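Number of protein chains: 2
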Amino acid sequence: MPLIVHKYGGSSVADGDKIKNVARRIAKARDEGNQVVVVVSAMGDTTDELFRLAYEISAHPDDRELDVLLSTGEVVSSTLLAMALGTSGYKAVSLTGAQAGIQTDSSYSRARILCVDAERIVSELKEGNVVIVAGFQGVTQNMDTTTLGRGGSDTTAVALAAALKADECHIYTDVEGVYTADPRLVPDAVKLDKVSYEEMLELASYGARVIHPRAVELGGLYDVPILVAASFSEKPGTIIAKEASMEVRNKVRGIAHDTNVAKITVIGVPDQPGIAMNIFEPLTRANISVDTIVQNASIEGITDLTFTVARNELVKAMSIVEPVAKSIGARECTANSCLAKVSIVGTGMENAPGYAARMFRALYGENINIQLITTSEIRITCIINEDRVGDSVRALHKIFELDAT
Amino acid sequence: MPLIVHKYGGSSVADGDKIKNVARRIAKARDEGNQVVVVVSAMGDTTDELFRLAYEISAHPDDRELDVLLSTGEVVSSTLLAMALGTSGYKAVSLTGAQAGIQTDSSYSRARILCVDAERIVSELKEGNVVIVAGFQGVTQNMDTTTLGRGGSDTTAVALAAALKADECHIYTDVEGVYTADPRLVPDAVKLDKVSYEEMLELASYGARVIHPRAVELGGLYDVPILVAASFSEKPGTIIAKEASMEVRNKVRGIAHDTNVAKITVIGVPDQPGIAMNIFEPLTRANISVDTIVQNASIEGITDLTFTVARNELVKAMSIVEPVAKSIGARECTANSCLAKVSIVGTGMENAPGYAARMFRALYGENINIQLITTSEIRITCIINEDRVGDSVRALHKIFELDAT
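For the protein sequence lines, the chains are A and B, in the order given.
Using the numbering used here, you'd call the opening residue of the first sequence number 1 and step up by one each time.
Using the numbering used here, you'd call the opening residue of the second sequence number 406 and step up by one each time.
I should point out that these hints are in silico values taken from the structure, not numbers from a laboratory.
Keep in mind that this is a model prediction, so the values were computed, not measured.
Be aware that one or more of the hints could be misleading.
Footprint (simulated), chain B over chain A, 3 or more residues, beta carbon under 8 Å [to be verified]:
hint	segment
1	13 to 23
2	54 to 66
3	81 to 90
Glycine included, every Cβ here is placed at the ideal spot set by N, Cα and C.
All chains, full assembly: derive it from the sequences and hints.
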């Protein structure tokens, strides 16, 4: 009997009616002759509510305790979904991360999965149960509960699919799949039938919020085909798999954008060894991710250092960088929080010149100023003013002929 | 170092401020040189809210799933209390029932504790931690979460005190101890400094809601001295221990009352073997507890059968009894839901005649009609009309000179 893993996000299980809708979808998959393992997130804004409780008690809640607290959100939704299935006549059992054998390291709030001991899941499947696993959580060797951090439930689903050698892994969300660009910005955007892990990884990392890059990476590593589709419709969605169609007519596959971008510039830094280390080490310790870094050519031993951080971490980042900048003799620090990234992504770009030039031309044609540029083998990203994101994405979508896919 | 167990009920941890208050009390116990294990209930009306969610999904939610769902309430409060202690500079760790080693049978919603494997608690205490245990829950051999049913958190606390050979077990609640009668009915009621397990068991079973009888029974079995006191004051409370003072001047120790009483009478039953079985077996299967049972002397082969149930189960009980009564040829069924029990309790009553007579005389003096009578070795209970409860309790309190203790 085929085995499939379904994952439903928080908005898909936000209330009783939505949970019943998800139960119907699972029942259908069961009726079609599948064994089904389901991963659920916490209902709606439960996680925010639990955070609020914790911060009412303490300005710096203990890491371990916070993880146990947050993990209850997914336990609640998993039991309710199991009840909904039971009531419809389908045998179902909920399992916590610990019961499901999701073993992690002990990095509370951002634990990494070490392995999955799927014995309990396998025996419940044999009993004829639909197995509902609380997402986003695991357990240390010491039997302490951990949470997996961002993208945790997506990652749980892909990890289970890999461990169980599932035939399919379906990530159900509130969009219908992966598009050539955000349909809210580009009405002509086209849903992609298939993308490769590498492309999805770049798209997800650079703003397409349909699935977390961590889950995509894991899928690629264990070769788990992932279907991304909507929980509220029956449309086919997008398959993320080993390689896209061999006959990719268009080598740019999609345009990603991200408006959670802020830029910090340290001006007038004496250009000497150790400067970058002095600035970036304290940020790393504060768990702030730095994205693009640009250092200008030095003029008379003085240089400027520019980098980007997530906009919601700008205040914290500035509070760390300013004293450091002062101590290393920099002239000043400036910040700009009204920025955005736009990226073109496609495996076809590899070893094929000319994409960057076409991208810059399109932006120039719209009179959009490029502040920073960063690239990977299959992606080119420009950082621009936030108010020009829509124009940029539409111009890029057009110049790379994505509406004609 | 002395080891004490504290238990705080839902109203003591109902919000952030109350949790901080509880943390201060624990900190004080720690400062006084104790090791402390704490058992907490779910915050305020969390459990009701979780029930509501479950019944929104299903009219008959699955037992196992319901237990997992409800258990999250105590997990939430235990983590918040641990955070509050941590913030105040006291090392603390929360444990679920499973982590605390509370092993139960698999009777979901009313599991019984089989044993406590206290290894993890002991090692956390050695590390210098205050150990906060989520009450009301345990785990089966198969690692499935169970809840302990009514009085579950009280029972968790006493079971842990027994397993850890704790020096004291403190049950903190919203009353200041055990009184000779409910102070809301009897302004002269006196707080008892000490009562025996047997007396407390009868008082608790017959309406004194300060501690659950199940926890008292366990305390008696393992000889755990239990202090019942208020979480909002520093007053000394009541000790429940092996035996009350040897010089108990007054042999009636307290008056209990309970207004959650309804009576069902099956009239005109043919008096033949199997009648009682036919009526009570379906009630047991429906998990309805029957309390007092009275069968009249048979007249010409026809008898009446009267019994009491909790008032909130009357409708369900009638729906079961009526068809049965019909099938065994009874004339009719009647119900009365406006009843109450009043009881006098005291180990001194054992082997000492005359208490019943004094009790009946006191009620007669107030012109109160007794509908049913039931007794144990250390208790006499009369079932009366609910509207006379106050008068009864005051009359009994007076005739047995309890205000003069």
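Results of checking the hints against the structure:
Evaluation of the coverage hint for the segment 13 to 23 of chain A: fulfilled, as 3 residues show C-beta separations to chain B shorter than 8 Å, against a requirement of three. Coverage of the segment 54 to 66 of chain A by chain B holds in this model, with 11 residues showing a Cβ closer than 8 Å to a Cβ of that chain against a need of three. Three residues within the 8 Å Cβ limit are the bar, and the segment 81 to 90 of chain A against chain B gives 5, so the coverage statement holds.
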